[in-house]
Every structure is written in structure tokens, then in C-alpha cells.
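Residue numbers (the working numbering), protein chains in the order written: chain H, 1 to 111; chain X, 1 to 111; chain D, 1 to 163; chain B, 1 to 163.
Just so you know, the hints here were simulated from the structure itself, not pulled from any lab data.
Treat the hints with care, as some may be off.
Unchecked claim - Okay, derived cross-link-like pairs now, DSSO-like style, lysine-lysine, Cα gap no bigger than 27 Å in a straight line:
#1 65(D) / 84(D)
#2 66(X) / 9(H)
#3 84(B) / 65(B)
#4 87(H) / 66(H)
#5 66(H) / 9(H)
#6 9(H) / 9(X)
#7 66(X) / 9(X)
#8 87(X) / 66(X)
#9 87(X) / 136(B)
#10 65(B) / 136(B)
#11 65(D) / 136(D)
#12 87(H) / 136(D)
#13 66(H) / 9(X)
Stated by the list, open to error - Pairwise CB distance ranges (calculated):
#14 27(H) / 128(D): 29 to 37 Å
#15 30(H) / 26(B): 53 to 61 Å
#16 71(H) / 29(D): 48 to 56 Å
#17 71(H) / 100(B): 40 to 48 Å
#18 6(X) / 129(D): 54 to 62 Å
Using N, Cα and C, we set each Cβ at its ideal position, and we do this for glycine too.
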Amino acid sequence: MELSTVDLKRCSLVRLGGRVDGSVAPELGSNLRAVTDSGRYKIVVNMADVTYTSSACLRELISAWKVCRRWNRGDLRLAEVPPEIAKVLTLTGLDNQFAIYNSEVEAVGSF
Amino acid sequence: MELSTVDLKRCSLVRLGGRVDGSVAPELGSNLRAVTDSGRYKIVVNMADVTYTSSACLRELISAWKVCRRWNRGDLRLAEVPPEIAKVLTLTGLDNQFAIYNSEVEAVGSF
Amino acid sequence: MNPFQRQLSLVGTLADLPRIANFIAEACAALGLAPAARFDLQLAVEEACCNVIEHAYEGAGGALKVRIETCDEDVVITIQDRGKPFDPTAIPEPDIDAPLDERPIGGLGLYLMQRLMDEVAFTFSPEGGNTLVMTKHEVLASADPPQATEEGRDGSPAAGNDL
Amino acid sequence: MNPFQRQLSLVGTLADLPRIANFIAEACAALGLAPAARFDLQLAVEEACCNVIEHAYEGAGGALKVRIETCDEDVVITIQDRGKPFDPTAIPEPDIDAPLDERPIGGLGLYLMQRLMDEVAFTFSPEGGNTLVMTKHEVLASADPPQATEEGRDGSPAAGNDL
Ligand SMILES: Nc1ncnc2c1ncn2[C@@H]1O[C@H](COP(=O)(O)OP(=O)(O)O)[C@@H](O)[C@H]1O
Ligand SMILES: Nc1ncnc2c1ncn2[C@@H]1O[C@H](COP(=O)(O)OP(=O)(O)O)[C@@H](O)[C@H]1O
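Can you build the whole structure from these sequences, using the hints too?
In C-alpha cells form, the structure reads like this:
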């Protein structure tokens, strides 16, 4: 898993890459918590370079999403979701729950 | 010249490409005016695909920048300026005047 | 026709998931499975193994066996462990149409296994331990055996099974 | 050594700027000029022609001649028109260190020409019309003539000039 975080004016941009399976999902979780713990509740997760996800990854995304949405203070939005990752979101009914943008810049520009 | 405009939540993103010389600069000007006339004064101009600019292009950018900045209501910021275009900005002292971002997403995220 | 069979035994922790994924990926490649089938098997196996490690062994490493084999046109995956048994029928199916803020965090793994595979059967016995058998039907019919011989390709569409 | 010389005559409007740019680009390529020198010549010529069309002819098309030639190691560009003359000494140099909100819009073209070229000289005469001569020094010394003959490359470094 590769992960980098950029704090922009209105949101934080988390770029995720590689295999995000159960062995690294906790690390994703702690990185997302680091963002929300710093008081930033508007997050874009760019999935463009993610090659694989399982429910362990979804768990972390859902968990961070809930933290962001609490008291309407923010949101966690996805960008550039590759087809195989989109399939996992569809199978679990998350494709209608997360705001998903075709491009990173549209996702960032949505905040 | 290629030009496309995307209206995001906080700003409009203008992606510019090709030769922006004196023969097409007026078209650039009218496109930028269309954005500001619609009441949007936060503009990112992505120059990544621009292959050539002359002072006619700079004139339009400066003119739109002034409209955006009036009464502190906005700004026109540049993103992904290629080296040859950066040279023209440097020669004319505009490199220190325009806010210039390495990436489109940082420029959009700066508003 | 010799059935294809490969087995991986390990004392599994979460760090072993990529190794298990590789094992499945290589078996799928040897079987010449289509990308969609590979994807489904990969994910179902990870979900199953992740559950064993997280729930049956509660995070501590424990003996885990993964077997992948063919049965006619089907691929059968068997996962065995010696951890804590559980009652799958007691686990409610997630409501995937519910809004996210009304959903629990997690609880998607078993559901995904069921969606990705055609049959998912748990058995628990004090002697044999916990056994999960997951079957995917008819995936070999559309497989493209990469190492098939010229005769194999001409003769039988399932010639890649015994690689 | 034959000097290189090419000339373009047209009734110029703004729409002709790409054509003028091509003319210069091809001449630069034939001379084998380095990319940085090509860039400078391109931009200086566009600025000059744009001014002739916009200011000397006030937007209406008018006769415009562009000549590019070599003189020893220099490239010399001559632009002639029959439009309204003007007094370049009366045009203030832009303050490029001033904040943008204190600067006028425009007024960068002449300045760019001066920065990009080594000599920029205007002459105006009722008979000959308006003539602008812009010179870039020593650009041929580092030129890499693409069509030079084997002997040319070995013999004289300026062998590409007469292509
Ligand atoms: N192999 C297993 N051993 C013990 N308990 C399990 C096993 N698999 C699943 N469970 C139980 O079923 C629940 C649902 O599992 P699952 O759908 O995979 O979601 P998650 O693992 O994210 O909670 C788990 O929380 C756990 O209580
Ligand atoms: N060829 C020309 N003929 C007439 N006037 C010219 C010519 N070139 C420049 N000028 C005058 O000099 C001014 C500055 O020119 P320049 O620096 O190119 O900026 P711009 O063309 O953007 O105004 C012009 O506004 C014009 O008044």
C-alpha cells in the first residue's frame, strides 16, 4: 500500500495505491484517523492507483466516513475509483453511499 | 488553442492547451470573461498543455486577474505551467505576481 | 483427467494475506482462469482467511490450510483452521441498501464471500476443526489454459485442468 | 559562404500569426538553431507582427514582410509594413517589479522583443515605410545544422548557413 496526504485549504487529499488488503488496512485506518484527529473532516481519497481492496479496506473507509460526517462537519469522498475497486463498492452497496468523483480535481473542487 | 471550463464548488477550472498566440488570445479573453460575468471570480488556469504563449495571452490573463481581484472577491491562479511558458512569465516579472501551483489539484485546493 | 490440486499450510497472521493472495493468483494463472473469476476467488479467499485470523484466532497466529482444486468445471476452495468455531446462521446479512450512517462498520466479509462464490459451506467439528468449502461453478469452461499443448487445445476444452 | 535568407510577404491579420510562426520555425529548423534560440526568435517575431497588425494597421489587414537571414554568426530579422508610424522612444518601459494591480494591461510586447533579441531598431520613412530590424548575436555558433553534409560537419562549423 502506498499512501500520501496533502492538506489543501478546504480538504485533505489522501492518495492511495497498491494492494489495500487486510494486512495493511489498519495502517490506512490510522492514517485517516491522523487526518480527522487534526480536525480535518473533509477528505478526498484518490483510489486511482489502488490495485486491490477487500472488506478490511471498506471498513476503514466507512469508519472514517462516519467520523467525518458526524455533526455534519465534513465528508469523505472518493475519486478515480478503478473498475475492479468499483465492483467491490457495488457488491456492498457502497457505490450509492460514498460520493464518488471521476477526477481528483472534481472531488477536491466539490468541497 | 484548446480551452475547457469546469465549474467547481469554490472555483472555476479553465484548462488551456495548444498555442495561445495573438490570433486566439481574444477567444481566451472572452472565455475568461464568460466565467467572471457569471459571477465566478475564483479561477484556476491549468497551463499544462499550453505549447506557446505571447504577450497577447498574458494581456488576457492579467485582465481577467484584475477583474477577479477587484474588491478582494477572488483570484486567478495558475497551475502546471510548462517551462517555456514559465520563461515568458519570468521575463515579464509575472512569475511573482500570479499564484502558481505545481498541480491542478493544489491550485483548486487553494481556494 | 487429473484434477488440479494445490495446498498452502501456514501459521497465519494478517501479514500472511499477501502470501495467500499470491498462492491463489498462481493457481488461477495455472488454471488459465478469466480475470473476473480470478478476482472473485482472490477476494473470497482473502475475506475467509481474514476472518479466520481476526475472529477464529482473535489476531494471534494459528494453523491455516488453504486448498484449491478442480472438480469437473468447478473450482473448489477449502479453508481449514483450529480456531474458535462460530455460528454463521447467527450472523445477520448486512442491509446493503441502508444508508451508510445506519450501517455498522464491518460485517461485509461473509456477505462478499456469498456474493462472489456459488456455494459457501461451513462445518465445525471438535476433531476436524473448522472447515469452509467455497465453490465457484463452471469457471473452467471459459478458462484459457496458458500451458495447454497443441493437441489439448484442439481436443478437449478442459485440457488445462491437469497442469 | 552563401548567407541564408528567406522572406514571407502577406497581407497580415491576426489570423496569419500561426503562418508567420511556421515560417520562422522552418527557418530555425533549417538553420539548426538550438531550442532556446528558436523560442526567442519565434516570440520576438510574433510580438513584432502582432504590434504591426494591431497598432500600425489598427486591426485591418495590411502588407507585411518578414525576412530572416544570417550575417556571420548572427540571425537578423527584418519586418516591414506600410502602416501608421510610431515613436518607440515615447513608449515607457514597463515596470516588471511593480505589483500587478498597479500595472497597465498590455505593454509587454516591445519589452519582450528587447529582452529576447540583442538589437531592436525601428526606422520610419515616408518612402520605405516602417522597418524593424531585430538581431540575435552568435546563435549560429552553437547551431546544429541538421542537413549539413559530412564534409560540412567536418570542415566548417557554419556549413549549415547556406541550406
Ligand atoms: N472464521 C470465523 N470465525 C469466527 N467468527 C467469524 C468468522 N467469520 C466471521 N465471523 C463472525 O462473523 C462476523 C461477520 O463477519 P464478516 O462479515 O466477515 O465481517 P467482519 O469480519 O468485518 O466483522 C464477524 O464479526 C465475526 O463475529
Ligand atoms: N508597430 C507598431 N505600430 C504602432 N504602434 C506600436 C507598434 N508597436 C508598438 N506600438 C505602440 O506601443 C505600445 C506598446 O506596445 P507593446 O509593448 O507591444 O504592448 P501592447 O501591444 O500590448 O500594447 C502599443 O500600445 C502601441 O501604442
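Hint check:
1. 65(D) / 84(D): OK: residue 65(D) and residue 84(D) at ~15 Å, within 27 Å.
2. 66(X) / 9(H): holds, 23 Å
3. 84(B) / 65(B): holds, 15 Å
4. 87(H) / 66(H): At roughly 22 Å apart (the allowed maximum being 27 Å), residue 66(H) and residue 87(H) satisfy the hint.
5. 66(H) / 9(H): holds, 21 Å
6. 9(H) / 9(X): holds, 13 Å
7. 66(X) / 9(X): holds, 21 Å
8. 87(X) / 66(X): Distance of about 22 Å is within 27 Å: holds.
9. 87(X) / 136(B): Judged against 27 Å, a Cα distance of about 18 Å means the pair holds.
10. 65(B) / 136(B): Distance ~19 Å between residue 65(B) and residue 136(B) Cα, so the pair holds.
11. 65(D) / 136(D): holds, 19 Å
12. 87(H) / 136(D): Roughly 18 Å between the alpha carbons, so the hint for residue 87(H) and residue 136(D) holds.
13. 66(H) / 9(X): Holds. Residue 66(H) to residue 9(X) sits at ~23 Å (cutoff 27 Å).
14. 27(H) / 128(D): 29 to 37 Å: holds, 35 Å
15. 30(H) / 26(B): 53 to 61 Å: holds, 60 Å
16. 71(H) / 29(D): 48 to 56 Å: At roughly 49 Å between Cβ atoms, residue 29(D) and residue 71(H) fall inside 48 to 56 Å, so the hint holds.
17. 71(H) / 100(B): 40 to 48 Å: holds, 41 Å
18. 6(X) / 129(D): 54 to 62 Å: holds, 57 Å
Comparing the model with each numbered hint stated earlier shows that all of them hold.
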